[in-house]
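If you're matching them up, the sequences are chains A and B in order.
Each residue of the first sequence is one higher than the one before, starting from 222 at the first, in my numbering.
Each residue of the second sequence is one higher than the one before, starting from 23 at the first, in my numbering.
If you're looking for bench data, these hints aren't it; they were derived computationally from the structure.
Just so it is clear, CB atoms sit at the ideal spot from N, CA and C, and this is done for glycine as well.
Mixed in with the good hints there might be a few duds.
Said to hold, decoys possible - Below, a sample of chain B positions facing chain A; criterion: calculated Cβ distance under 10 Å:
| # | residue |
| --- | --- |
| 1 | Asp37 |
| 2 | Ala38 |
| 3 | Glu74 |
| 4 | Val159 |
| 5 | Val196 |
Stated by the list, open to error - From the derived model, a few chain A residues whose C-beta atoms are all more than 12 Å from chain B:
| # | residue |
| --- | --- |
| 6 | Arg262 |
| 7 | Leu278 |
| 8 | Pro279 |
Chain residues, written in single-letter form:
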Amino acid sequence: MAFGKDHELHQRRFGRNLGLGLALLAFVAVMFGLTVVKIERGGMTQGFDHVLRPEMLPREDAQ
Amino acid sequence: MTDLTSTLDQTRAGDAGFGDYVTLLKPRVMTLVVFTAFAGLMVAPGGLHPMEGFAAILFIALGGGASGALNMWWDADIDARMRRTRNRPVPAGTVRADEAMALGLALSGISVLMLGLATNWFAAGLLAFTIFFYVVVYTMWLKRWTPQNIVIGGAAGAFPPMIGWAAVTGGVAVESALMFALIFLWTPPHFWALALFMKSDYADAGVPMLNVTHGRPATRRHILAYTVMLAALAVGTGFTVIGGPVYLATAIVLNLMFLKGAVTIWRRDDAAAEADNYAVERAFFRLSLYFLFAHFGALIVDAALVRLGWGLF
Chain A
222 MAFGKDHELH QRRFGRNLGL GLALLAFVAV MFGLTVVKIE RGGMTQGFDH
272 VLRPEMLPRE DAQ
Chain B
23 MTDLTSTLDQ TRAGDAGFGD YVTLLKPRVM TLVVFTAFAG LMVAPGGLHP
73 MEGFAAILFI ALGGGASGAL NMWWDADIDA RMRRTRNRPV PAGTVRADEA
123 MALGLALSGI SVLMLGLATN WFAAGLLAFT IFFYVVVYTM WLKRWTPQNI
173 VIGGAAGAFP PMIGWAAVTG GVAVESALMF ALIFLWTPPH FWALALFMKS
223 DYADAGVPML NVTHGRPATR RHILAYTVML AALAVGTGFT VIGGPVYLAT
273 AIVLNLMFLK GAVTIWRRDD AAAEADNYAV ERAFFRLSLY FLFAHFGALI
323 VDAALVRLGW GLF
């Protein structure tokens, strides 16, 4: 006798896999959206970009 | 065929559907967490980018869900004995207790880390403390030990608006403490009213609820005392920076109704309650559900009015 393809177990596992897949996709979308916003706002990107920034020099050097 | 079918049926335990995992996160509690955290975000001075605000609420809610899963892991024995909770995934056998624990721990870590990255680390720390408080202080320690379990455990549920506020401002303030106190003082009358008409549930489970340890007349007195304190605080909040005309009107009307219910509960005894199948206690409990949503909804409306330039206060 063939193993029934549409056994309730399969439906439950498919639902679980689908749910997990959608949750992961949503997480990726949130991460992407947050990254875009953070970069556009520029709050934490001014770190080690090898460009001279006068505001980081001592006051007398900057003048 | 028979062997195969019976083997498949045996896999039901520990082979849950996606919905069972969602149930572990206590979605109804999450609704309240989302709503009150959103209120905290809205009334806080300053603002977040909508995407940051969305992420903040999402991860605060996820942290709340993680606490729910850890609560269901630890309390599976109690849940199995109470009518209200015996169909939860762990006592029902659809999710294994260790799975609930793993899900709870993983989501706790993800939610705290992501809230820190999305907003600030103060808010993330507050979320971590909330999870710790609910799971360790309330669930593991106080719930089975003291009849004041609901009072102290209620603090955990009171943190979300504070976390929402902290996500915007990076700290705490009197206003965020007032929102905390609103939920903190609301929790005991809400749960004690439930305990009055779900009579045998907590006693069957051996949970030392006030009505089990100190008797039902004492519970009725406690409901009134907390409702009086809650009314003073809720109406008083209307005169602070976060209050406004909509909030003040809502608070006055609802607290008068809540006080009336609490006084009626206090003045009657169990014989009267049995006679009408706890109609007053049930109505008070139903009102308590609307009470909190209406208060935080009114705070959101007033904050929106101020942002639109239509604020009166």
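To see whether the hints hold, each was checked on the structure:
| no. | hint | verdict |
| --- | --- | --- |
| 1 | Asp37 | 7 Å, holds |
| 2 | Ala38 | 7 Å, holds |
| 3 | Glu74 | 6 Å, holds |
| 4 | Val159 | 29 Å, violated |
| 5 | Val196 | 28 Å, violated |
| 6 | Arg262 | 7 Å, violated |
| 7 | Leu278 | 28 Å, holds |
| 8 | Pro279 | 28 Å, holds |
The structure shown violates the earlier hints numbered 4, 5, 6.
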